[in-house]
Amino acid sequence: MQGMAVDPPRPMPTFSFTLENGAAFRTAPAPGSPMVLFFGYTHCPDVCPTTLADWKRVAQRLGDRAERVRFVFVSVDPDRDTPAIAARYAQQFDARFVGVSGTPETTFQMMTAFGVAASKDSSTTGSGYLVSHSSQVFLVDPLGRLVALYPFNSGWEALAADLESLL
Amino acid sequence: MTSVVRVARSRRTWPMRHCALIVGVLCVATACATGDPDTTADREALSALLRVGEAWARPADSGATGGVYLTIRNADSVGVDLVGITTPFAVSAEVHESMNHEGMAHMMARPALAVPAQDSVVMRPGGLHVMLLELTRALAPGDSVPLTLVFSNGLMLPTTATVRVP
Chain A
44 MQGMAVDPPR PMPTFSFTLE NGAAFRTAPA PGSPMVLFFG YTHCPDVCPT
94 TLADWKRVAQ RLGDRAERVR FVFVSVDPDR DTPAIAARYA QQFDARFVGV
144 SGTPETTFQM MTAFGVAASK DSSTTGSGYL VSHSSQVFLV DPLGRLVALY
194 PFNSGWEALA ADLESLL
Chain B
-3 MTSVVRVARS RRTWPMRHCA LIVGVLCVAT ACATGDPDTT ADREALSALL
47 RVGEAWARPA DSGATGGVYL TIRNADSVGV DLVGITTPFA VSAEVHESMN
97 HEGMAHMMAR PALAVPAQDS VVMRPGGLHV MLLELTRALA PGDSVPLTLV
147 FSNGLMLPTT ATVRVP
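As you go down the protein sequences, you meet chains A and B in turn. Quick note: the first sequence uses the numbering used here, first residue 44, plus one each step. Quick note: the second sequence uses the numbering used here, first residue -3, plus one each step.
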């Protein structure tokens, strides 16, 4: 692993989100394929779009194999991010990316499982608030185990290489 | 605005604050009497020393939050602060800085961003950026976003950010 390896790999629970069309989406990898996760919010102007832009580079590197990878953006700001907004946000970067926003309870449970923190900042912007949040990317292997973390701005190449090794 | 620009020029010439104030007051009086013939020259002189470039913006939907990155070069012998940004494409615009600490991403507003003398400030992903709040129109690749940067010396510099996928 070129990312920060989670050793031993940690089996992760799956969570169910309702998509814009009413369908359920479970945060589990497709059979035989890995899954990539990031927790952010759509009002984030810098760290979140930088991360998803990196994912796009990863997907481009993988080529057709990217079809087998689930790239999942999970909103930590369900108060503002509807399922439709979260989905649209992720798909802006790549039509294959999934964006989900769930109930506060589901969001909290999933964040807890992944060790993700988020908090509204006391300093507000002109039209809302900012959210401090964990900024690493998570890699889940085809068995549903968390196997690596990728700190923000550590380079998309490491994630691409590790995905290639899992595909 | 005229007096602000003139005071700023005076600060470069006479660093003592009270002198600058006196000169500024005199300039206002002079401007009233003479029709302010030097205003354009003042602005051009300051503009020549302060340049904004390499501005680009991320694609974003109307109503969403946008991000702009740019570079400010200050060739002047005194520092200046970026104190505001306006654009007709968003309800408001603010300068922010992302910081990562122990795996957490934080953002801090930078209402007065220092551009040191004879130095540059480079905005880039993961650091300094301009946050466009409540975009009034969608930003698609190839679009141009008009921006006006307001500096502490009174100078207002227009620039254009090109929308592109990074």
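Hints in this document: simulated from the structure, not taken from any laboratory. Note that CB positions come from ideal geometry on N, CA and C, so glycine has one too. There's no promise every hint is true.
If you want the ones that stay clear, here's a sample from chain A, every Cβ over 12 Å from chain B, calculated [stated by the list, open to error]:
id : residue
1  : A67
2  : C87
3  : D89
4  : D97
5  : V141
6  : P147
7  : L209
Partial chain B-side listing against chain A, Cβ under 7 Å, derived [as the list claims (entries may be wrong)]:
id : residue
8  : A51
9  : R54
10 : S58
11 : G59
12 : T83
13 : N96
14 : M100
15 : P121
16 : M127
Each hint, compared with the structure:
{"no.": "1", "hint": "A67", "verdict": "holds, 25 Å"}
{"no.": "2", "hint": "C87", "verdict": "violated, 7 Å"}
{"no.": "3", "hint": "D89", "verdict": "violated, 5 Å"}
{"no.": "4", "hint": "D97", "verdict": "violated, 9 Å"}
{"no.": "5", "hint": "V141", "verdict": "holds, 17 Å"}
{"no.": "6", "hint": "P147", "verdict": "holds, 20 Å"}
{"no.": "7", "hint": "L209", "verdict": "holds, 23 Å"}
{"no.": "8", "hint": "A51", "verdict": "violated, 15 Å"}
{"no.": "9", "hint": "R54", "verdict": "holds, 5 Å"}
{"no.": "10", "hint": "S58", "verdict": "violated, 11 Å"}
{"no.": "11", "hint": "G59", "verdict": "violated, 9 Å"}
{"no.": "12", "hint": "T83", "verdict": "violated, 13 Å"}
{"no.": "13", "hint": "N96", "verdict": "holds, 5 Å"}
{"no.": "14", "hint": "M100", "verdict": "holds, 6 Å"}
{"no.": "15", "hint": "P121", "verdict": "holds, 4 Å"}
{"no.": "16", "hint": "M127", "verdict": "holds, 4 Å"}
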